[in-house]
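Enquirer: With chain A fixed as given, assemble chain B onto it according to the hints.
So the protein sequences, as listed, match chains A and B.
Each residue of the first sequence is one higher than the one before, starting from 36 at the first, in this note's numbering.
Each residue of the second sequence is one higher than the one before, starting from 14 at the first, in this note's numbering.
None of these hints come from the bench; they were simulated from the model.
Just so you know, even glycine gets a beta-carbon here, dropped at the ideal spot from N, CA and C.
Take these hints with a grain of salt, some might be off.
To be verified - Distance windows between CB atoms, simulated:
1) B:GLU92 to A:ARG112: 41 to 49 angstroms
2) B:MET32 to A:ILE103: 38 to 46 angstroms
3) A:GLU55 to B:SER93: 42 to 50 angstroms
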Amino acid sequence: AQSVSQHNHHVILSEAASLELGCNYSYGGTVNLFWYVQYPGQHLQLLLKYFSGDPLVKGIKGFEAEFIKSKFSFNLRKPSVQWSDTAEYFCAVISQNFVFGPGTRLSVLP
Amino acid sequence: NAGVTQTPKFRVLKTGQSMTLLCAQDMNHEYMYWYRQDPGMGLRLIHYSVGEGTTAKGEVPDGYNVSRLKKQNFLLGLESAAPSQTSVYFCASSFGPRDTQYFGPGTRLTVL
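Next up, chain A with everything else stripped away, as it sits in the complex (with noise of 0.2 angstroms):
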């Protein structure tokens, strides 16, 4: 069966410092892979997608992912975390069923 497994469950970080979170998945076929972010009390918003092309997809809030298929990895990226960016965030792989990882939480200090 598809899963998607993230590999932090949570990260804390200061201010300015540099992120990336884990994604892997497991289906080996085509797929299209998602970033959501659900900040605190809020419901899940789309953080950057790919589908297909340049494997480097870049979204909003300064995030980027790599998508590098020998590996079956979707990490997260962002050179400079904000105190704003604190959140809960989620990989998502859609290949026959759409299918979330179990979330990273992300705590930034001020």
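Expert: Positioned in the frame of chain A, the structure of chain B alone reads:
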């Protein structure tokens, strides 16, 4: 353009009670979904619909029923609520099966 809306926002039920959650979207999307979100487990798909009048089971369908009588609405029903159904429920919609899903604000349900 409201996107995806959900009612109610909060609800407390006693074990055995029933209720219906309503999801509405104004984007003319064919696909609609119900998820539950539990700590450490991400989002799990309960049921989904690929168009008006159709429904299908997701990963965790037991104890829930759904209906899609109108394209813009997707209802989630709990016939006999159990404490294990305490969760946050999110509705989502998309144009196609592989497209971006747009989420509603969620319903926090507590079953005592």
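Enquirer: None of the hints should be skipped; say for each whether it holds.
Expert: These are the hints, each one checked on the structure:
1. B:GLU92 to A:ARG112: 41 to 49 angstroms: holds (45 angstroms)
2. B:MET32 to A:ILE103: 38 to 46 angstroms: Since B:MET32 and A:ILE103 have Cβ atoms about 44 angstroms apart, the given range 38 to 46 angstroms holds.
3. A:GLU55 to B:SER93: 42 to 50 angstroms: The hinted range 42 to 50 angstroms holds for A:GLU55 and B:SER93, with Cβ atoms some 45 angstroms apart.
In the structure shown, no violation is registered for any of the earlier numbered hints.
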